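If you want the building blocks of each chain, they are given just below.
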Amino acid sequence: MDSAPPPSDGPIRDSETPGEVSEPLAVPPVVAVVVTKDPGPWLEETLESLGASDYPALTVLVLDAGSTVDPTARVAGALPGAFVRRLRQEQGFAAVANDALEVVKGATFLLFCHDDVVLDRSAVRLLVEEGYRSNAAILGPKIVDYDRPEVLLEVGLAIDRLGVPHSGIEPGELDQEQHDAVRDVFFVSSPVMLVRSDLFAELGGFDPHTFPGAEDLDLCWRARIAGARVLVVPDARVRHRREDTMHDQSQAVSPAAAQRSRLRALLKSASGWSLLYLVPIALFLAVVEVIAFLVTRRRDRASALIGAWTWNLRNLRELRKSRRAAQALRRVPDVDLRSLQVRGSARVSGYLVGSLRAEDRMRSLSERSRSAAGNASTRLRGPAAIAALVFAFLLLVGSRSLILGRVAVVGQLPRWPGVSGLLASFTSAWRYVDLGSATQAPTQLGVFSVLGTLTLGATGLARTIVVVGALPFGVFGAWRLARRITGPGSAAVVSALAYGINPLPRNALAAGRFGALVLYALLPFIVSGLLRLGGYLPDSPVRRWWRTVIVTSALVALTTAAWPPALLLPIVVALALALAQLIAKGAGSLGRLWKATLAVTGVGLVLLLPWPLVYLRAGDRLAALGFAFRNDLDFSQVLRFQTGPNGAGAGGWVIAGAALLVLVLASGPRLVWATRAWVLALLSIAFVWVPARFYPDSLMPAVEGLLVPAALGISLAVGLGVAAFIEDVRRFHFGWRQVAAVGGAIALSFPILAFAVDATGGRWHMPASDWNQNLSWMRSEDASGQFRVLWLGNPQVLPVDPIVHGDVGYGITNDGPGDVRTSLPPPSAGAATRVGAAVDLLRERASNRVGALLGPMGVRYLAVPERPGPGIERTEPAPAALLVALTEQLDLVRLEGPPGMAIYENRAWIPGAAVLPKAAITSAVADPLGPLSASAVAKPVLEGTPVRRGSILWSQSYDSAWKATSGAATLPHRRVFGWANGYDLERRGTVSFAYTNQWLRYPLVVLELVLIVGAWLLWRGSARFNWRRRRPARADSETGNP
Amino acid sequence: MSSARRGRIIVIVVVLGCLLLAAFLDRSGASNPTRAATFVALGPRVPAPDAAEAAWYCAEGTSDPGGRADERLFIGNIGHRTAHARITVMSGPDAVPTVRALDVGAGSLATVRVADILAVPEPGVLVEVTGAQAVVTHSIISNGDAGIGPCARDAAPEWHFAAGTTVRGAQVWLALFNPFADDAIVDIAFLTDGGPLAPGELQGFVVPGHSRVTVPVHDQARRDALVGTEVTARRGRVVAEQSEVLDGTDGRQGLALSIGAPELARHWEFPNGTIVAGRTETLVVANPQDTPTTATVRTRLDGGALEPEIVNVPARTAVSVDLGRRVPPGIGFSVAVQSRAPVVAETLTALVAPVPANARGIATTVGETRAARRWVLAPSRVSATSIDLVAVLNNGRTPATFRLRVLRGGKESVPPDTRKVLVAPGKRVVLDLGRRQVPPDGVVVVDSTAPVIVERESSAIPGISVSSAIPDLAWPSSP
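In order, the protein sequence lines correspond to chains A and B.
Sequential numbering from 749 applies to the first sequence in the numbering used here.
Sequential numbering from -11 applies to the second sequence in the numbering used here.
If we strip away everything but chain B, and leave its shape as in the complex, we get (with noise of 0.2 Å):
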């Protein structure tokens, strides 16, 4: 071979390898990194540590005396500083919003009644937090029963509710709040068991900026037994809360308050359930897409599990299980809901004879779809005479350790019986709070080595209420 022709080939095999290498390494997947899919997290979650500031948006509630709804708000620092709360009521679009500014110490929780700041019928109340790590949940009380649950993080241009219902006796109070400057455009649609219900008066609806409007639902959608509510903004975006009030015609009375799901979703958990006499649950799934859909509802009892149901969901319509017609009574459960397409699934629990007169009252709550390593409860028991128990589920497929911390007034301390509590997958643990001591004027952090969802049940508040804990996403280590 003339060194000519080696030169040739040796240019030619150096060219073309290194053209066929770089081809081969692009084609192989295996090596090549993709950069971290952006998730937009939402609805309530801890503040992260660095957060420069974090907002909390409390719709429902009213500060006027004799309101319908009288709102209390819980603002639980988790940090090591001291949080500097900016807490603004805001009254309408040309009303100066009263704005009131508030020190909570480090591990500590405080409570502001809204009437003590600003007394309107309908007040948007908006948390700003500063300084430290906090959480902000709401509650309002009426009607012999109270409703608790965490305020919004986010306004959102969407918001949905399965579980409201119009029958004789009921009332259903949708509220909006537009914090921002600007004024939201929204259309309102119901989905009954019926189908849908669009009226005219609630397309276009305008929620004036700085504003928290109310709809009475029941006004709109008469007597219906399943009502869920779709909010889409057309402009702008708003905070939507729902309340329901029962009194007791149909056998079931009190108040129950959701916070709307900002997202429609295919999974969604429950961790707390239990059929006791006197207390029924009912699961509603509300389809909000144009297509019917199927849902598989897994009932899994602390003891077993029983056969998934299916559920037909039609477009644009609402139905509901009885998740106490399978489950042994006396048998506490968690449910998981899976469908083919998005919807969103909640829960009406109704407590009535024969249980005892304090513990009777209605809750709703739009299910979980996030599972955290660390979540709060704020406050911590609802009131010293509360019954509030704790469930924490493991719907992952590892097993989950968490522990229980209670601050109160800075300091820390662990409840008995709660160092170090082992969570089976697929199972569940459910905690009283008050059997081992809890205070009511603290703030609750569940630890956990593996993602779990936590869940809180108060009765004897009076009333009852059953609502989501608030996970903290960014957590990433174990305790």
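Extracted from the complex, chain A is given alone in its bound form (with noise of 0.2 Å):
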């Protein structure tokens, strides 16, 4: 066979058979299956490196895969003796490779082969000789760069876990034989296989639907749990170009196509059980990418993430036969593969050392920086760019000991657990807050996990990252907004500085009001997006309605999610721009803002369903909603955002001041700016100022946030001022105005000097310990049952959500001081309404036995702070007259606390979970001093412990879903107490409890998460339809057209 044969759809002959072998050989017969498809000039180095090898009983096949141009005549210029086979149909290099099962007989191995890779002259008998030796089914060469060979590019493959190949050769690695031996590897790639034919029968061949990009794990895998062994042999050496057009073009240009293919791997070859914990697993982390991919704007890889799922469940019936076929043949547990696996994420790591040591990214990272560097020199020379960059510094300073030290837990930014307890309450049906709900857990608990899973479980670093990152990211985004409407250039500037240098935020951090913080950070994007839906914006028209809406309502979402009142904010900006419009008229159009004013409220609420739904049961739903301060600001106090003990005093006067100037130094569009970021600001005002001056009894959200668009409107007048004065002297006018405005930027410095100042201390007068330090010895106490600790006084230094009732505030937290999981609480209704009631009868001094009250409530400690926190001067005690009854109950003792805090024990109380004689319930519940004799009496529950017979008390609100068992028997459930959960134990046994509902909120989270994705789905919908408008143009540009 001197020339290559005529293509045939049909079986190659018997006698034509490439590996048929007329004359029996010492060595085992060889078929090197070259797949090509429009091959390029390399094929010809391939093949002439195939027939220059030493191995004696080698024939190759040359399996085209529908080329444009026949490459038969190509084939027998640079290999005679191939033999070249060509199917018409186009199909991929799984397929295609296939295709040697039937037209290759007697062949012992099968040598599979791209056709863009030079093999050394000994590579196939190395690869032969060990697969003999160590009795090996497939095996694979160390493959190298083709121009570069000192360049390692794979010797051998491992997987994670959730089969993401790992190759543990970092990008550039020189070869220096540190990889020369042979061993056993999880797989070997394609570019060049050895596989014992007999095998590749048995598997099957190649799976078609894993290529590109898992064929050849997917084989190997399929191998490994066959009980064959796969090796690499380092000393048979390939070089390889990576430009296969089959491959490496396919898959560079098909991402999604990849991750679908190891995702099928994963579902077929792993076993059942491993399937039960690694597609939860596999699952959540794809999530998590897809979010982090969405941050980064790299929606083509969270969109291959996505298809790669959807794929695979549309194709779930021709999985689960492939996968029946592949376990059918399983010899090898899990279990004994591990070895061969990495631990951890293989696509972290890869993604680690891609990003941080490839070479040619350094390279081009220096080049960038270079030009970087020139551009920003030149920049920075600025005076804008100087104050920006003194702001800055000013920021890193005065954060200096948040970010090296901690952020305290005050007010509302309690501790955050680890990322399964935040998970485990974010997906629970029961809420453990107050008494305890069969209530929606609060959306920003998903947030949270989400936030400490990106960074690694170090939720407290998530936590640092969010509350420091606030204050710059705020003044990022009126940067952005100011630049919109002032126009690129100092006037945004200033505009920003004088949004970064309002004591509001500092405030906000000082006193741990953490919706305020996030509003503050949120404001000006959700102001921005909500002017451009209106039009406002004509130098920023929206493209995508839908999209921009979409975007806006996952900011005003997000907002919501960690402080509720922020969800009618457009609403407040809207009525702001309508009022506005009475006054001052300007571009946009009302109707068209108020429809994305609804849209945008309506979606935000969408996607933090099922939430809300929380906030239309019966009860407290005001205090729920974070209504629980009062304020009592004068008007000057306000203006001055002299909301905490950061400020400028009477200098906070001069951005106000400041403000004002615009009114007089613009005109035109400005002047219209100028008096809606004024009406913002006034009505933003008036929310605060109104109630604390005519209504000083009712209750509102923190004021630190309510006066966040008032700050907003405020710093956007400073900069429309900074504009106008620019314009002016640009003009050549000269007057009153340009004194008043020199006048002006003069007196921004006392705002300056103040907010430097306040950095000084590095922590904005934020506590440097907190109660939660205090108090941390309450963990240890839980070995003697579950407890609760009330929190009582006055709502302004509570670090919890407090509930308000006359003037005293109260929180309830588990098993210590507490933490995120307890935020947010329902509307107080039904059972929660008895702490409530035993706080009226504190506060009334109607009781001298609140202790016993609270005592079947599991209310161990009574927590009073007079200060938001250890060390601070400032107090804020609790109502006399609370203090003077608490130190009138009869069943409180008080313990030795730390300075600024009364603590107080509750000698009456009983555990959460606890058993008591039945008799002890029974008196209980007829005489309200009754929990006096239970709590003498009561013995805690533990897990595992047996306990003897009686009643068992399960201190959480009554709910007949709630099972208690001991061994396998179910104890009758009735209330006890009038609200809690009781059981009666016949014998001595232990008892756990189960809340049997669970499975009702599973498929609300699914919920949820399919509203987010729905969500996102829509926003990318949009983003492709531009992709592929533009995609022209872009490619135009790669190839040079014009």
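For the record, the hints were derived by calculation from the structure and aren't laboratory data.
Be a bit skeptical, because a hint or two may be false.
Unchecked claim - A few chain B residues that face chain A, going by a derived Cβ cut-off under 10 Å, partial list only:
(1) GLY(-5)
(2) VAL2
(3) CYS6
(4) ASP38
(5) GLU41
(6) THR118
(7) PRO167
(8) GLY188
(9) ARG223
Unchecked claim - If you anchor each label on the Cβ, the simulated ranges turn out as follows:
(10) ASP104(B) <-> THR1693(A): 39 to 47 Å
(11) GLU1624(A) <-> GLY239(B): 52 to 60 Å
(12) SER1524(A) <-> ILE(-2)(B): 16 to 24 Å
(13) ASP104(B) <-> SER1524(A): 46 to 54 Å
(14) ILE0(B) <-> PRO1647(A): 47 to 55 Å
(15) LEU8(B) <-> TYR1443(A): 17 to 25 Å
(16) ASP278(B) <-> THR1693(A): 56 to 64 Å
(17) LEU1643(A) <-> VAL264(B): 50 to 58 Å
Every value quoted in this text rests on a predicted model; they were computed, and no experiment measured them.
Note that the Cβ used here is the ideal one computed from N, Cα and C, for glycine as well.
Could you fit the two chains together into a complex? Lean on the hints.
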């Protein structure tokens, strides 16, 4: 056979079979199967290297997967002895390679090759020899770069538990024989792969559905579970161009295909038990990655991830069939393959290796850095940039103790537990807040768990980033917004700086107003979105209306998740613009604005579902929505944003004064914008001042949050004033306006100075330590049973989301000082009102046995702080009547507490899970003072510890879905103390509790994810449209065409 | 004027107008509502109708056989439902308290002898009432005299007494009751006419939890005609009551019971005074502050008024004023004490011959600082044979009309001539309950249209007792 055979649709006849050996040889025959499609000029070199092989029984079969130009002549020219088989139908590598199953007979080994590899002369021989020596079924060579053979590309591959490949080779790693040992690997890749032909046949060849991206992994994985060895033989070396049309280019073009192929391989080859935990983990990581990709604007990667799952779901039937076939061959359990898998995430380690060590990237980075540095040095000479740098420096200095130390647990900034704790709370159908309720968990728990995952479980770090980052992020947002309104340059920078030096966020930080901080960070972006949607920013038109709506809604949802009143924010902004329209008309359509406002609010609400449904339930909704504060700020304090210890005092007038200047400096559109900014500010100020002035007993949300729109409006007005001043100077007009503007600029130094002074402390007056630390000893007290802590006092200083009765705020935490899981309690109704009733008795001094009332609720400690944290000098003590009432309680014993806090232990407490004599519970129900006797005889029910027979108290609000079991027996359930769960334990044994309606929560969590993904898909739909529309232009530019 | 300029002016007017208007409204205090100041009521008082539970602390008294002051409790239910009383007698930190439950019917009175619950020399009695509004008083009997008065509603960090005496033949017992689980630590000092006295052994004095301890003041402050007592808690809270026994060495003989004042005040009222042969009334003003002060004593005669008397009260001393010195015999009067600095004022009443023997005795009572529209007396009379006078003082500026109701056995009755009694501003009315056939085992309720102060003097019990009635500070309406 000197020439290549003509193309044939049917199988090659026996006499023509390339692997058929006419004479018995001393070496096993090998057929090299070169799969090609539209090969480049490298094909010949590949064939020549095979022809030059020192292996004596090597036959070459070229399988052409429907090349446009018939390669037969080229094959004949390069390797006259090679066979060519053309397949007319366009197929992938795996399907084409499987053709060898039919056409190759009698070969011991099949050597699958890409058409862009160059094998060393001894490579095939070494592979075959090692195959026999090690009884291996699949073998692969060391693969090096074609152009730089000293650079390693691959020496066998491992995978992580989720089937993501990991080579262990760093980009650009030089071959210094450091990997030159024959060893078992999880798989070898398909550029050159020697496979025992009988095994290949038994496995049914490659799985065509795993191409591109995982056909080699899938084959090796199936071989592995069938008990075959897979080896890498580094002495056998192959140079690889990585220009093969079928593999390298197709994968580059379609990352989605690689993702779905890998997922398919996992779902096929992992055992059922492994899938039980691998699938949830993979799903969760996929969600996290999708979010990360979206945040980093890599939509194609995010899309690929989602596509991988949806594609496999669509092909579930076929997948199950393939899986059955693969598992039918299983002889090795998954656990035996673990040693060939890497721990952790290969994707993460690959990212780190790829991102941080890649030589070319470093080189590129270096070049880009030099270029950027050149541009930056030019820009940084401007006064605006210098001011921004000084601000950034001061910000860094002022936050140094928060960054290097810790963000204290103060106000509504509770500790974040671990990711698992957050997720468990988020997905739980039962909320362990107050006395417990079957309500939806707040969305913020889900958000926090995602943030915790992004920081690899370091939830404390995530919390610090969010809290400390709010200020610079808000300033960045203000700058983006301002440059659209005032135009780019100094005016936008000054506007952003005015937003940044406003004492409001610093005071929010000091008081621990988390919601206000989030609002401060995101409000500029939200306002920007609304303005664009309303057509108020002609220079920033909305190309895709829904896309902007979704982004703005997502921001509103995020803000609302942290601070529920924020849902009304778009309406407030729209209202301000509508009012401003009455005074000064400008661009923008109120109709469009209101339409956008309603859409943004509605979509924002939908994105938060099902959590908002909580507020439909009866109870104290306002308290649950954060209406827990009274403010006694006078008008000057409001106007100066003097809500806390940070600020400029009288110098705070300057920001407002500078903002007023714009009204005399600006004209035309700037005056219109200044009017809008001022109306927004006045509206926001009114929300704070009017209740304080006329309805001092009314409860309002945190004042730091209510004033954020005012801060933004005033900062915009300041920026507009600067823009107007610059415009006037440009026109060479000089007059009193310029003098006033210069005076305003000089006066601005006062708040800047105040900002600098506040920065010296390093933590913006936030306490260095917190009650959480002081009371950490409580966490070790749970050995004597579950308990609750009742926080009482002035709502301003409580480290919980307080519910306010009269002038007393209260909140409950579990088993210690608590964490974010007890934040955002649902409207208190039903059993939860009993805590409020007990607090009422205290504040009205209407009982000396409040301890006995709180006892069955598991309230063991009452903490009454008089300041936000230890070490803070300013005190805001609890009402005197409450303090007196506490000292009058017969069941409370005051403990030695840290200065600034009174702690009482309730001697009448009953553990949250307790066993009592039946008579004790009966008498307790009949007699208000009954719990006194019950507490004396109550014993805790601890996990796994047998308890005596009696009545079991489970101090969660009564719900028929709570079930207690002892051994295999379900205990009779009843209501005790009028609100709690009680069970009858007839014989000694262990008791465990379960909430049987948990299944209701999972669909709702899925619904929540579906809504988020749906919004994302909607957003992505718009994005894809734009991408398609722009793509040809980019392709042109890439090819150099005009 | 161009439209641009007009637009600018409109904007400036609106923005500045809003700011200036807000600033103006902020400054104007006329319509500026302020939050109600928190008033922390101390002293015996009727519990609020919606109170879940009310605790009463009875400190002084003994329950062991032959004890120096046999104690009896009176629980008067003025509500419309049965009150459930839980009487706990505490006898020490290591002793398990003895508890007795008792139901008191609506509109009726229950009497319990403490010795019937637990017989111990130092009983601290806690009465917790649920289910209805009720008041708790107690009496002690010894030395042929009786003392009766309300139990305390509060344990407090400080207590003040003014009118003790440790002259020859006198004994003063200071009872300190700590009903709480943890120990209280108090400092005890005495203000005498010779200056302050702070015995070392009474500084940092521990009152163990669930205990009552008695301090014999006469062993610490010897032979002082005036001994005011100050109890200040370093830690915790206590209930303080004081009893005084005179053996007749100086002619006065009997037993007096006083519940201390839980806080100092600048104004004190004593509604009931009279001077007759054999009766003396002494007002004692104690100034525990470190600076001297002056007190103005206004004696309001039933038929006129006397010139106010200015009394200098040096720092940390007590001074006495003989009220009978200027009052004509047979004339009733009330006394108001107004001082520049907070003080405590108490009267010591002594009845000696020629007063009938069964009425001779002594009584002390700390003045009243509170006026209320409703007052409660339990029991209605101390005994069937006692002379019980109820004095209703209107120290306000508007006339007050009050009525008297007697609750007994669930029924309500109005004694003759007490349905509508007018009290002029600054005047008082004294009613003799015995003459109006008021039974002894009931509860008397005084309802007034304006705030008044009510005090009762009971004599021929045997002996004499003077004590303030129990105000209902939350009672807003008029009869």
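task: Report holds or violated for the interface hint on GLY(-5)(B), using the least CB-CB distance to chain A and a cut-off of 10 Å.
output: 6 Å, holds
- request: Please test the hint of 46 to 54 Å on the beta carbon pair from ASP104(B) and SER1524(A).
  value: For SER1524(A) against ASP104(B), whose Cβ atoms are near 50 Å apart, the range 46 to 54 Å holds.
message: Next item in the hint list is ASP38(B). Is there a CB on chain A closer than 10 Å to its CB?
response: 6 Å, holds
message: Does ARG223(B) hold up as a contact with chain A if the rule is Cβ-Cβ below 10 Å?
response: 8 Å, holds
message: Please check whether SER1524(A) and ILE(-2)(B) have a Cβ separation lying inside 16 to 24 Å.
response: The hint (16 to 24 Å, Cβ to Cβ) is violated, given that SER1524(A) and ILE(-2)(B) are roughly 60 Å apart.
query: Is the hint on GLU41(B) kept, meaning its closest Cβ partner in chain A is under 10 Å away?
result: Hint holds; GLU41(B) Cβ to chain A Cβ min 4 Å, cut 10 Å.
task: With a cut-off of 10 Å on the beta carbons, see whether GLY188(B) makes it to chain A.
output: Given a least distance of 26 Å, the restraint on GLY188(B) is violated.
- request: Could you check if CYS6(B) really has its C-beta closer than 10 Å to a C-beta on chain A?
  value: This interface hint holds because 5 Å falls under the 10 Å limit.
- request: Look at the Cβ atoms of LEU1643(A) and VAL264(B) and judge whether their distance stays inside 50 to 58 Å.
  value: The hinted range 50 to 58 Å holds for LEU1643(A) and VAL264(B), with Cβ atoms some 56 Å apart.
- prompt: Does THR118(B) meet its interface restraint, that is, does its C-beta lie within less than 10 Å of any C-beta in chain A?
  reply: At about 5 Å, which falls below the 10 Å cut-off, the nearest Cβ of chain A leaves the hint on THR118(B) intact, so it holds.
query: Should the interface hint for VAL2(B) be scored as holding, given a Cβ-Cβ cut-off of 10 Å against chain A?
result: 5 Å, holds
- request: Evaluate the given range 56 to 64 Å for the C-beta pair formed by ASP278(B) and THR1693(A).
  value: 60 Å, holds
Going through the hint list in order, the structure does not satisfy hints 8, 12.
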